[in-house]
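Asker: As given, the protein sequences belong to chains A, B, C and D, one line each in that order.
Residue 1 is where the first sequence starts when you use the working numbering, and the numbers rise one by one after that.
Residue 1 is where the second sequence starts when you use the working numbering, and the numbers rise one by one after that.
Residue 1 is where the third sequence starts when you use the working numbering, and the numbers rise one by one after that.
Residue 1 is where the fourth sequence starts when you use the working numbering, and the numbers rise one by one after that.
Don't read these hints as lab results, they were simulated from the structure.
Everything numeric in this text was worked out from a predicted model, so none of it was measured.
Errors might be hidden in some of the hints.
Any copy, or any two copies together, can satisfy a pair, since identical chains are not distinguished.
Straight-line distance between alpha carbons at most 25 Å, and here's what the computed PhoX-like set of lysine-lysine pairs gives [what the hints assert, rightly or not]: (1) K36 - K273; (2) K158 - K172; (3) K133 - K202; (4) K205 - K163; (5) K146 - K216; (6) K9 - K172; (7) K146 - K202; (8) K13 - K300; (9) K97 - K272; (10) K36 - K97; (11) K13 - K40; (12) K146 - K272; (13) K9 - K163; (14) K298 - K9; (15) K36 - K146; (16) K205 - K216; (17) K273 - K45; (18) K215 - K40; (19) K215 - K205; (20) K300 - K205; (21) K272 - K40; (22) K144 - K205.
4 protein chains.
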Amino acid sequence: MYVESPEIKENIKISDLIDQLSLTAFNARKLGEVAKICYKMVKDKATVFLTLAGAMVPAGMRNIINTFIERKIVSVLISTGANVVHELAEALGFRHKIISSSDFNLDNSNLNRVYDVLIETSAFEAIENFIEKLLNDLNKNGVKEKISSYELIWEIGKRINGKSFLKSAYEKSIPIVSPTLHDSIIGLQLSVLSNLCIDYTKDIKLLLDLCFKAKKSGIIIIGGGVPKNFALQSMLLAEGFDYAVQITTDSPHFGGLSGATLEEAKSWCKLKKNAETATVYCDATIVLPLIAVYILEKLKTD
Amino acid sequence: MYVESPEIKENIKISDLIDQLSLTAFNARKLGEVAKICYKMVKDKATVFLTLAGAMVPAGMRNIINTFIERKIVSVLISTGANVVHELAEALGFRHKIISSSDFNLDNSNLNRVYDVLIETSAFEAIENFIEKLLNDLNKNGVKEKISSYELIWEIGKRINGKSFLKSAYEKSIPIVSPTLHDSIIGLQLSVLSNLCIDYTKDIKLLLDLCFKAKKSGIIIIGGGVPKNFALQSMLLAEGFDYAVQITTDSPHFGGLSGATLEEAKSWCKLKKNAETATVYCDATIVLPLIAVYILEKLKTD
Amino acid sequence: MYVESPEIKENIKISDLIDQLSLTAFNARKLGEVAKICYKMVKDKATVFLTLAGAMVPAGMRNIINTFIERKIVSVLISTGANVVHELAEALGFRHKIISSSDFNLDNSNLNRVYDVLIETSAFEAIENFIEKLLNDLNKNGVKEKISSYELIWEIGKRINGKSFLKSAYEKSIPIVSPTLHDSIIGLQLSVLSNLCIDYTKDIKLLLDLCFKAKKSGIIIIGGGVPKNFALQSMLLAEGFDYAVQITTDSPHFGGLSGATLEEAKSWCKLKKNAETATVYCDATIVLPLIAVYILEKLKTD
Amino acid sequence: MYVESPEIKENIKISDLIDQLSLTAFNARKLGEVAKICYKMVKDKATVFLTLAGAMVPAGMRNIINTFIERKIVSVLISTGANVVHELAEALGFRHKIISSSDFNLDNSNLNRVYDVLIETSAFEAIENFIEKLLNDLNKNGVKEKISSYELIWEIGKRINGKSFLKSAYEKSIPIVSPTLHDSIIGLQLSVLSNLCIDYTKDIKLLLDLCFKAKKSGIIIIGGGVPKNFALQSMLLAEGFDYAVQITTDSPHFGGLSGATLEEAKSWCKLKKNAETATVYCDATIVLPLIAVYILEKLKTD
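In isolation and in its complexed conformation, chain A is listed as follows (with noise of 0.2 Å):
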């Protein structure tokens, strides 16, 4: 097979692009594959895990992952707590801005920096309020010691009124599991003002059950960490996955498990040993929104 170099015309379709892209080599190559084999596990009717790491709502992903949700093209998704935070913070009103570089190394107590994007403390400040209220009420339901973190942030997405993933997820059935939801503001507020404790045992049980009821299935990973190994170890009892794919800038000769690549995975049956795999190295901020578009452009066409 030939690398074929793309002949770049006005108006190309997006798809398109990315399919000739699929011919050409290194990370435009892979990116190519990323994309086909996401749409062959949504044509195939796949169990689709999304797992979420890196500040993805920050950067502006939301409505990308809003899209996947509400068009239930993924079937359950797997988040760092932080982008939970973040995405309940947007949908109370609040905005992330543009940093421009000049206030790079501000010292404003009521700014917080993520990278080149900032938001208000008073953000935090209104998430604590939402969180202490939700509280009252779970407590007067007769939730008081333990949750799951799924259930708990479907709890939070029945009370929100704006557009949002998390009023999505809720709307849909589709659970959000945040194996690290204790390790940002909200597991903060718990540990302070309650003896409610994040049940992952549940959250867990969930994932084992995808996994053994799924025919076909398939994982597209942002970034790594730890929504990365909590979707693919739910998949040690069962099967593994046909479909595996993953966005990251992490190298794998660091020997972490951010960079590791598929065939590692392999190597523990988190995969099955003849999964479809692709690894894209790119930032998923250029790579996210581009594969979006090429699975609704062949939805529609196909």
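Once you've looked at the hints, dock chains B, C and D against the given chain A.
Answerer: This is chains B, C and D only, laid out in the frame that chain A set:
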């Protein structure tokens, strides 16, 4: 201040070489700065948080962690679940094997790969048995619903015979907090065999308490991830760390937490505005042994 | 200014998506900024330097380079010798092949590997023959001692029949300066067969001249390396570039040129103090096609 | 073979620590392997090529390079022009300064920045004067048209009074080949003041000759770039190197030369199929001093 090129000689002490490197540039200088700040925290009798992410135990760093705990150089260890699990495997007599490159894409269902290291599946079976017995013990003692990660890890350490930092931590009363313990074979086993929920609210309270009580505080961050954030966020309600260093292979310019600069942590008030900080961008397997020798040599000569 | 999360839809134009990404964060925003500055240079009729490092021709980017030259979007190309050699191979009818992962550590002395691309050794034998004939021609025409790289590359382009950016550059009188042409099979062949020396002093004079004459000037840096520095240093005696963008996978924090920020270039006066700049940290095989489409679409609609 | 976790003690010799690290994993093990292969080449009396890219002189590595040359540990140095220029600046009495982070985005037209190092513009004026005089001298001696880079650098070294590896190389008759010497202030000055062309065909012949005559040969690659390729391609006509190590911060998965694996070099026959190789992914400012001590200590004790 000028860059001073080190004169290389036989039998130079590691601490002397590192002091010389602190007058060079790029990451050699940063290694020097990190080492100096680490020693400063220790000499200053600060409460030292050590956070551990990345597969440091499979990579052979366990005896260094043990030295830090046995000699009470650190006050608390915040570790991924994976490092706890692999340490338990070694404590139970299993060994990590060096992979030869020809075995890299092996097809052996009894061998699990972590980059260039292998471990037998039987190690995890032994861990499952160990955890099953432990659960029975805890059950008899009335621990059925909730336990913090640090108490669970002390219970593990108590039952270990061989040399291990899990045992040392128990013996020296150094807590090991593992905010991702559920994201490991231990968490999986807990889910399958019991309703015992790891109560991270209690871990958070322990860390908050350490933060409040510390006269001076320092943090040594190895590899980022949840341990980094979990340790840093425990300072949100206190004054911020006085000293902070990190060893990471991630980059700031992808916006993720593991590569985030310590200046960013200052904007969140997790570090004091005038905290002494340094970051070295390097595989911790190279930097950690050097820094450990540095601290021990300086402790001896000062 | 707020982060605006893009709404993903089918059939969105690439230039519209990129404009939306310029309101997100991390490298997606940078991609947006790079694209906008590139278009600005072109619209502003600036003298545009395009520098090319990394194996962009083996990776399938040759038609994009050709479009930039044929449509006179760039005024001069500064390329590694390797890209010239691989382009010559394609122009002579040889093809780069996509490697299947099972062939990765192949033991075939007739196949040469560039990451996930292969090329047959016979391609280089054909290039050696081509260069031998060219040397004879030049010799007859009295070129025996010295020739600049751009004149030598025009002589190559003149003798090519198929479609190639080497041919287009000759036809459109766009110089291709290759400051590392001696660091390639062409350089090796010159050494073995002749005393013809590549006279880079003449290349430098060409670039200095372009810098002096430019009313406005811009530079698009792909991948760093010698092409980056060679182009930038030609501004040392002039006023500095007005626009500068770079696409790189290197990091600033290792201190090397390829990852160096454009702020650093300002301290050397290679860019004007108020130059518009942006850097996107990404594999150019992904970013370059997107930016090319962006420029073409904007040229059409403006 | 098992991973052996090093026991850290005060006053451990650097060579002993590195030997211990060779039994760990990830890049610590690679550091150990690189060090051992380096020592093996030296002990085996191989012809050793040392290639140097990245701003190693500004970063304070010049005395280490000098030790390698003075003690004839290496047979030839292949360096970027930038390292030659910065070494000349130091030899002429100018110093590189450590930048404080508050000066990072300085606006001072007399200071030029290389990441966290500064150098005054006056250093380059002194170099321009030095080169002008040198050109006059060469002119008087009839060198008007062409000179190889290694001869030009010897001419520079001959005229230096202070301690410098340029001087040592001249005194010890070790050639310094600089395939990008024209890509530096020296090249710029040559272009502006003369028609003297750097004759790289002669440099290539020197390297080819070294390759042909070597009974055993080894290569130590620091940082990739043109020096890496220029050295490796000189083996294309000979048998291939017997030993090869590289220290790089680049990654294989972006397809560029600087991060390319040494397996890739084998596919081009630049290394023997059974060559002993190792790559450590690390900033050379950390690894190079350690390896230098390793070689010296082993030479003493063996």
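Asker: Now look at each hint and say whether the structure bears it out.
Answerer: Taking the hints in turn, this is what the structure says about them:
1. Proximity of K36 to K273 under the C-alpha cut-off of 25 Å is restricted to the intra-copy arrangement: shortest distance 19 Å within a copy versus 37 Å between copies.
2. Taking the shortest alpha-carbon separations for K158 and K172, only the intra-copy value of 11 Å comes in at or below 25 Å, while the best inter-copy value is 47 Å.
3. In the homo-oligomer, the alpha carbons of K133 and K202 lie at most 25 Å apart both inside one protomer (24 Å) and across protomers (21 Å), since each shortest distance falls under that limit.
4. Within a single copy, K205 and K163 get their C-alpha atoms no closer than 29 Å, and across copies no closer than 34 Å, so neither meets the 25 Å cut-off.
5. In this assembly of identical chains, the alpha carbons of K146 and K216 never lie at most 25 Å apart, being 32 Å within a copy and 35 Å across copies at closest.
6. For the homomeric pair K9 and K172, the shortest alpha-carbon distance between copies (20 Å) is at most 25 Å, but the shortest distance inside one copy (39 Å) is not.
7. Taking the closest pair of Cα atoms, K146 and K202 come within 25 Å of each other both inside a single copy (10 Å) and across two copies (13 Å).
8. Taking the closest pair of Cα atoms, K13 and K300 come within 25 Å of each other both inside a single copy (13 Å) and across two copies (16 Å).
9. Within a single copy, K97 and K272 get their C-alpha atoms only as close as 43 Å, which misses the 25 Å cut-off; across copies the closest is 24 Å, which meets it.
10. For the homomeric pair K36 and K97, the shortest alpha-carbon distance between copies (20 Å) is at most 25 Å, but the shortest distance inside one copy (34 Å) is not.
11. With identical chains, the CA atoms of K13 and K40 are at most 25 Å apart both within one copy (19 Å) and between copies (24 Å).
12. In this assembly of identical chains, the alpha carbons of K146 and K272 never lie at most 25 Å apart, being 34 Å within a copy and 35 Å across copies at closest.
13. In this assembly of identical chains, K9 and K163 lie within 25 Å of each other by CA distance solely across copies; the values are 17 Å between and 36 Å within a copy.
14. Proximity of K298 and K9 under a CA criterion of 25 Å is satisfied in both settings, with 20 Å inside one chain copy and 12 Å between copies.
15. In this assembly of identical chains, the alpha carbons of K36 and K146 never lie at most 25 Å apart, being 41 Å within a copy and 44 Å across copies at closest.
16. In this homomeric assembly, K205 and K216 come within 25 Å of each other (Cα to Cα) only inside a single copy, at 19 Å, whereas the closest approach across copies is 42 Å.
17. In this assembly of identical chains, K273 and K45 lie within 25 Å of each other by CA distance solely inside one copy; the values are 20 Å within and 47 Å between copies.
18. When the C-alpha separation of K215 and K40 is checked against a cutoff of 25 Å, the pair qualifies only within one copy, where the shortest distance is 14 Å, while the shortest distance between copies is 52 Å.
19. In the homo-oligomer, the alpha carbons of K215 and K205 lie at most 25 Å apart inside one protomer (18 Å), although the nearest pairing across protomers, at 43 Å, exceeds that limit.
20. In this homomeric assembly, K300 and K205 never come within 25 Å of each other (Cα to Cα): the closest approach is 35 Å inside a single copy and 52 Å across copies.
21. In this homomeric assembly, K272 and K40 come within 25 Å of each other (Cα to Cα) only inside a single copy, at 16 Å, whereas the closest approach across copies is 43 Å.
22. In this assembly of identical chains, the alpha carbons of K144 and K205 lie at most 25 Å apart whether taken from the same copy (20 Å) or from different copies (18 Å).
Violated hints for the displayed structure, listed by number in ascending order: 4, 5, 12, 15, 20.
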